[in-house]
Amino acid sequence: MKKEKIAAEEMENILNKQSGVQAISGLVPDFREIETAGNNGDERAKIALDSFKYAIASYIAKYAVAMKGVDYIIFTGGIGENQINIRKGICEQLEFMGVEMDVEANNVRSEEKVISKPNSKVKIYVIPTNEELMIAKETQRLVK
Numbered sequence: 001m002k003k004e005k006i007a008a009e010e011m012e013n014i015l016n017k018q019s020g021v022q023a024i025s026g027l028v029p030d031f032r033e034i035e036t037a038g039n040n041g042d043e044r045a046k047i048a049l050d051s052f053k054y055a056i057a058s059y060i061a062k063y064a065v066a067m068k069g070v071d072y073i074i075f076t077g078g079i080g081e082n083q084i085n086i087r088k089g090i091c092e093q094l095e096f097m098g099v100e101m102d103v104e105a106n107n108v109r110s111e112e113k114v115i116s117k118p119n120s121k122v123k124i125y126v127i128p129t130n131e132e133l134m135i136a137k138e139t140q141r142l143v144k
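Here the sequence shown stands for residues 1 to 144, where the numbers follow my numbering.
Be aware that a few hints might be false.
With a straight-line Cα cutoff of 30 Å, these simulated DSBU-like cross-link-like pairs (lysine-lysine) come out [unchecked claim]:
#  : residue 1 : residue 2
1  : K121      : K62
2  : K123      : K113
3  : K113      : K88
4  : K17       : K62
5  : K123      : K88
6  : K121      : K88
7  : K123      : K68
8  : K121      : K53
9  : K123      : K53
10 : K53       : K17
11 : K53       : K88
12 : K88       : K117
These are computed hints drawn from the structure, not numbers from a lab. Small disclaimer: the values here were computed from a predicted structure and weren't measured.
Whole structure, please, built from the sequences with the hints as guidance.
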């Protein structure tokens with residue numbers, strides 16, 4: 001920040017809005033568009049998606065070590081609820097932990113559903129969330 005004479009607010013924007021998947025892909029920060037580009041042969045989009053899936057799988061594995069195991073993986077929020085191929089890619093990297101995804105069951109968006117195979121050591125769920133409601137409830141709690 002000192003060298004480039006960047007203000008804290010501008011740096012926050014760079015880190016939160018112009019880095020990560022967007023920077024790697026060179027596209028807008030919309031996973032639907034990045035996934036479409038990747039499926040159409042855009043190498044940067046493919047690398048961005050692979051990096052994202054690897055990062056999420058790595059975090060899950062790290063938490064599993066910290067907790068000495070994991071019983072459930074829950075996908076929620078915009079990406080978790082809607083990005084079928086991202087969920088699949090994350091779970092494929094966790095098969096060594098006993099994660100077994102039912103590919104047919106995973107073909108769902110924004111619907112509460114078990115997407116693991118019946119014998120999977122780790123159960124996998126998609127659970128929609130109402131982020132706006134949660135923000136409103138937290139705001140109400142803070143105001144009180």
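Status of the hints after comparison with the structure:
As the CA atoms of K121 and K62 are separated by approximately 17 Å, the hinted pair is consistent with the 30 Å bound. With a C-alpha separation of about 11 Å, the suggested pair K123 and K113 falls inside the 30 Å cut-off, and the hint holds. Restraint check for K113 and K88: satisfied, since their Cα atoms lie roughly 14 Å apart, inside the 30 Å limit. Straight-line distance between C-alpha atoms of K17 and K62 comes to about 26 Å, which keeps the hinted pair within the 30 Å bound.
Only pairs whose Cα atoms come within 30 Å are accepted, and K123 paired with K88 is accepted, the gap being roughly 14 Å. Only pairs whose Cα atoms come within 30 Å are accepted, and K121 paired with K88 is accepted, the gap being roughly 16 Å. Between the alpha carbons of K123 and K68 the distance comes to roughly 16 Å, so the proposed pair stays at or under 30 Å and holds. In summary, the hint linking K121 to K53 is supported, as the alpha carbons are separated by about 21 Å, within the 30 Å threshold.
Between K123 and K53 the alpha-carbon distance is near 18 Å, which keeps this suggested pair within the 30 Å criterion. At roughly 19 Å between alpha-carbon atoms, K53 and K17 fall within 30 Å of each other, so this suggested pair holds. Distance check on the hinted pair: K53 and K88 sit about 9 Å apart at the alpha-carbon level, within 30 Å; holds. With a C-alpha separation of about 13 Å, the suggested pair K88 and K117 falls inside the 30 Å cut-off, and the hint holds.
When held up to the earlier numbered hints, the structure conflicts with none and fits them all.
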